[in-house]
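Heads up: the sequence lines are chains E and X, in that order. Under my numbering, think of the first position of the first sequence as 1, with each following residue one higher. Under my numbering, think of the first position of the second sequence as 1, with each following residue one higher.
Incorrect hints may have been included.
[Said to hold, decoys possible] Which bits of chain X does chain E cover? Going by a derived footprint, with three or more residues having C-beta under 8 angstroms, they are:
no. : region
1   : 109-118
2   : 151-159
3   : 187-197
[What the hints assert, rightly or not] Sample of chain E residues lacking proximity to chain X, with all beta carbon distances greater than 12 angstroms (derived):
no. : residue
4   : 24
5   : 81
6   : 154
7   : 247
8   : 381
9   : 416
10  : 431
11  : 446
I should point out that these hints are in silico values taken from the structure, not numbers from a laboratory. Just so we're clear, the structure is a prediction, and the values are computed from it rather than from any experiment. All C-beta atoms, glycine included, are put in the ideal place defined by N, C-alpha and C.
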Amino acid sequence: MNYLPNILFAILLIAGVGYFAKNVKKLIRNIKLGKDVDVSDNNSERWKNMINIALGQSKMVKRPIAGLLHIVVYIGFVIINIEVLEIVFDGLFGTHRLFAFMGGFYNVLIGSFEILAFLVLVAVIIFWFRRNVVKIQRFWKPEMKDWPKNDGNIILYFEMVLMTLFLVMNAADLQLQTMPGAPENNPYIAAGSYPISQFISPLFEGMTYGSLVIVERTAWWLHIMGILIFLNYLYYSKHLHILLAFPNTFYGSVKPKGQFNNVEAVTKEVMMMMDPNADPFAAPAEGEMDEDPEKFGASDVQDLSWVSLLNAYTCTECGRCTSECPANQTGKKLSPRKVMMDTRDRLEEVGKNIDKNNGEFKEDGKQLLNDYITPEELWACTSCNACTEACPVSIDPLSIILEMRRYLVMEQSAAPMELNNMMTNIENNGAPWPYNQMDRLNWKDE
Amino acid sequence: MSELLKVPTMAEYMAQGKQPEVLFWVGCAGSFDDRAKKITKAFVKLLNKANVEFAVLGTEESCTGDPAKRSGNEFLFQMQAVTNIEVLNAYEVKKIVTACPHCFNTIKNEYPELGGTYQVMHHTQFLKSLLDDGRLTIEGGKFKGKRITFHDPCYLGRANDVYEAPRELITKLEAELVEMKNCRKKGLCCGAGGAQMFKEPEQGDKDINVERTEQALDTKPEIIAAGCPFCNTMITDGVKAKEKENAVEVMDVAELIANAQDL
Numbered sequence: 001m002n003y004l005p006n007i008l009f010a011i012l013l014i015a016g017v018g019y020f021a022k023n024v025k026k027l028i029r030n031i032k033l034g035k036d037v038d039v040s041d042n043n044s045e046r047w048k049n050m051i052n053i054a055l056g057q058s059k060m061v062k063r064p065i066a067g068l069l070h071i072v073v074y075i076g077f078v079i080i081n082i083e084v085l086e087i088v089f090d091g092l093f094g095t096h097r098l099f100a101f102m103g104g105f106y107n108v109l110i111g112s113f114e115i116l117a118f119l120v121l122v123a124v125i126i127f128w129f130r131r132n133v134v135k136i137q138r139f140w141k142p143e144m145k146d147w148p149k150n151d152g153n154i155i156l157y158f159e160m161v162l163m164t165l166f167l168v169m170n171a172a173d174l175q176l177q178t179m180p181g182a183p184e185n186n187p188y189i190a191a192g193s194y195p196i197s198q199f200i201s202p203l204f205e206g207m208t209y210g211s212l213v214i215v216e217r218t219a220w221w222l223h224i225m226g227i228l229i230f231l232n233y234l235y236y237s238k239h240l241h242i243l244l245a246f247p248n249t250f251y252g253s254v255k256p257k258g259q260f261n262n263v264e265a266v267t268k269e270v271m272m273m274m275d276p277n278a279d280p281f282a283a284p285a286e287g288e289m290d291e292d293p294e295k296f297g298a299s300d301v302q303d304l305s306w307v308s309l310l311n312a313y314t315c316t317e318c319g320r321c322t323s324e325c326p327a328n329q330t331g332k333k334l335s336p337r338k339v340m341m342d343t344r345d346r347l348e349e350v351g352k353n354i355d356k357n358n359g360e361f362k363e364d365g366k367q368l369l370n371d372y373i374t375p376e377e378l379w380a381c382t383s384c385n386a387c388t389e390a391c392p393v394s395i396d397p398l399s400i401i402l403e404m405r406r407y408l409v410m411e412q413s414a415a416p417m418e419l420n421n422m423m424t425n426i427e428n429n430g431a432p433w434p435y436n437q438m439d440r441l442n443w444k445d446e
Numbered sequence: 001m002s003e004l005l006k007v008p009t010m011a012e013y014m015a016q017g018k019q020p021e022v023l024f025w026v027g028c029a030g031s032f033d034d035r036a037k038k039i040t041k042a043f044v045k046l047l048n049k050a051n052v053e054f055a056v057l058g059t060e061e062s063c064t065g066d067p068a069k070r071s072g073n074e075f076l077f078q079m080q081a082v083t084n085i086e087v088l089n090a091y092e093v094k095k096i097v098t099a100c101p102h103c104f105n106t107i108k109n110e111y112p113e114l115g116g117t118y119q120v121m122h123h124t125q126f127l128k129s130l131l132d133d134g135r136l137t138i139e140g141g142k143f144k145g146k147r148i149t150f151h152d153p154c155y156l157g158r159a160n161d162v163y164e165a166p167r168e169l170i171t172k173l174e175a176e177l178v179e180m181k182n183c184r185k186k187g188l189c190c191g192a193g194g195a196q197m198f199k200e201p202e203q204g205d206k207d208i209n210v211e212r213t214e215q216a217l218d219t220k221p222e223i224i225a226a227g228c229p230f231c232n233t234m235i236t237d238g239v240k241a242k243e244k245e246n247a248v249e250v251m252d253v254a255e256l257i258a259n260a261q262d263l
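Let the sequences and hints guide you as you build the complete structure.
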């Protein structure tokens with residue numbers, strides 16, 4: 001027997017999965033560059049969020065057309081993977097349609113894969129039209145030029161090609177199963193039902209057995225190779241959301257949207273200031289001096305929480321946040337999607353820097369602030385939470401904006417002048433305007 | 001009119017050895033802004049009418065720190081928060097009502113970690129509870145049959161999921177409540193949040209308050225109702241920008257109820 005295809009397949013599989021695993025390790029390392037945050041609270045609510053939002057796609061359907069089409073592609077992706085399992089076993093063991101022993105159930109399986117593959121193909125073509133012909137506004141914002149634009153289309157082409165190969169493979173198979181002149185030990189046993197590819201199969205009529213086998217084998221190999229390439233494409237693409245949406249909805253905020261975190265380091269100092277018994281001249285406790293003084297806010301990705309960094313990798317650039325953002329709607333530079341894309345791109349840059357310098361980050365004279373996200377964008381935010389509400393996978397651009405404002409104000413004193421006036425007023429007279437605190441109750445007699 | 005207002009302070013209650021049932025947190029806008037002061041008074045009239053034993057902090061109240069926090073000045077925010085919490089805790093305050101969604105959000109969500117845990121209500125929620133308890137009656141009066149649209153303040157709606165209390169109050173006025181294109185969870189910001197109230201907007205092609213006002217005007221309302229002093233200012237400015245100030249009024253929900261009964 002000839003084991004060459006089996007060996008070749010095993011090598012391909014190991015290389016494809018191995019290289020992806022290597023990149024996943026890198027991804028996890030990069031996410032861990034972020035600051036630690038406690039996410040051990042509200043476990044049951046977190047599971048509920050993951051099941052509803054990621055698994056159940058509850059937020060996708062807020063926009064019904066995109067939502068329903070997405071569900072088709074999502075279900076197709078999950079279910080057709082059962083077929084990939086069979087393909088992998090067939091490849092490794094040199095079998096053909098290993099699961100065919102299931103009989104009637106196998107027919108149901110293959111039949112539903114075919115229908116799903118067809119629906120996915122249709123959905124993906126509609127997606128392509130929405131992006132490129134209808135030119136839906138959110139796909140044509142300034143941050144969607146070059147790579148992000150191409151990335152979106154490449155993913156659609158991948159899916160179109162994979163679904164077509166799957167159907168062509170089945171069509172050739174069907175033809176081979178029913179061919180009158182087939183050899184006696186025809187490996188293409190009659191198995192499966194082919195509600196879609198039965199319409200493609202007549203195209204192959206009149207072809208010889210040998211050339212049909214070549215068509216079927218080529219489609220089979222290209223299909224599985226395409227899947228392995230697509231798997232490895234994920235890391236370089238916005239398409240990572242198909243995996244990260246699950247942890248991301250789990251670790252997403254479970255607090256009221258209006259609640260911003262209180263900075264603990266600040267609390268320590270404020271409590272000390274307010275404590276009448278604190279001795280300002282006391283020597284710091286043992287070990288306290290060894291710590292680096294805490295940096296307030298974020299000027300680069302390492303200053304953000306790891307959840308924010310996970311958010312950045314999860315973003316699939318759908319732009320619902322940006323299309324709901326009041327600042328963006330009125331022509332300001334702020335785009336919450338761009339905040340997420342910038343964070344991810346800078347994180348990737350930092351990661352590559354670490355790879356190049358033997359696991360150590362070497363100062364590159366760049367940072368997230370200014371080199372990627374400008375103060376003008378940050379100051380345009382109204383903190384209205386339209387972006388966090390719109391995101392179908394619980395991404396929170398607002399907390400990144402807030403952390404960067406904190407850096408601008410507490411490390412650089414770089415707030416817009418009017419905001420400095422407002423803060424001075426609060427500090428001096430307990431109101432954002434220059435009114436005397438002693439006049440607070442005057443309204444009652446006016 | 002104003003001499004009829006009963007506005008006791010916490011200090012006065014303390015001096016009598018009594019506790020009010022609720023503290024009315026007036027907020028900076030409610031204390032100093034001319035337009036917002038009218039909302040404050042309207043709410044007090046309703047409290048007086050319903051015989052609610054409430055008190056204000058008066059000169060002991062200070063900014064919650066919301067605009068400082070959202071500008072990124074965590075130090076100033078926490079200084080304000082801790083100072084306010086000391087005052088509130090010294091008076092053993094348990095329940096707070098405020099007509100400002102920003103104060104509401106900050107005290108309700110951000111003070112507990114710093115040692116200040118209270119039951120906090122927005123004034124529309126509080127009025128609704130007075131209504132449910134039969135302590136307050138609402139009649140349509142001059143608003144009967146009027147077209148009213150309600151603008152969801154971000155810090156009341158999306159931030160804290162309060163959407164129904166203000167709407168139920170408006171409905172009780174026997175008014176015709178009409179919804180804007182963007183409402184409830186999808187409500188569009190008035191443009192004041194995140195400390196934008198205190199600065200000029202960044203370069204763009206339109207002001208946010210004008211965009212929102214256009215959405216409101218699209219419903220052909222006679223009154224645009226708000227539940228936040230800052231939204232009120234922004235939308236009032238928007239109505240002026242669209243030169244509709246003679247046709248459309250911007251009013252707080254508390255003002256609607258108080259005015260309906262000619263309080």
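- Looking at residue 154 (chain E) again, its CB stays over 12 angstroms from all of chain X? At roughly 32 angstroms from the nearest Cβ of chain X, residue 154 (chain E) sits farther out than 12 angstroms, so the non-interface label holds.
- Compute the least Cβ-Cβ separation between residue 24 (chain E) and chain X, then decide whether it is above 12 angstroms. Nearest chain X Cβ is 34 angstroms from residue 24 (chain E), so the label holds.
- Query: Can we trust that residue 247 (chain E) is non-interface, i.e. its beta-carbon lies farther than 12 angstroms from all of chain X?
  - Reply: Per Cβ check, residue 247 (chain E) is outside 12 angstroms of chain X; nearest 24 angstroms; holds.
- Message: Cut-off 8 angstroms, C-beta pairs, minimum 3 residues; does the coverage of the region 151-159 of chain X by chain E stand?
- Response: holds (count 4)
- Distal placement of residue 416 (chain E) relative to chain X, Cβ over 12 angstroms: violated, 5 angstroms
- Query: For residue 446 (chain E), which was marked as not at the interface, is the minimum beta-carbon distance to chain X over 12 angstroms?
  - Reply: Residue 446 (chain E) not clear of chain X: closest Cβ-Cβ about 6 angstroms, inside 12 angstroms.
- Query: Taking the closest pair, is the beta carbon of residue 81 (chain E) still more than 12 angstroms from chain X?
  - Reply: holds, 34 angstroms
- Query: Going by Cβ atoms, does residue 431 (chain E) stay more than 12 angstroms from chain X at every point?
  - Reply: violated, 4 angstroms
- Message: Count the residues of the region 187-197 of chain X whose Cβ falls closer than 8 angstroms to any Cβ of chain E, and tell me whether that reaches three.
- Response: Our answer is that it holds, as 9 residues pass the Cβ test (under 8 angstroms) against chain E, meeting three.
- Message: At 12 angstroms, judged by beta carbons, does residue 381 (chain E) keep clear of chain X as stated?
- Response: violated, 5 angstroms
- Counting residues of the region 109-118 of chain X with a beta carbon closer than 8 angstroms to any beta carbon of chain E, are there 3 or more? Check passed, 4 qualifying residues.
Hint violations for this structure: numbers 8, 9, 10 and 11, all remaining hints satisfied.
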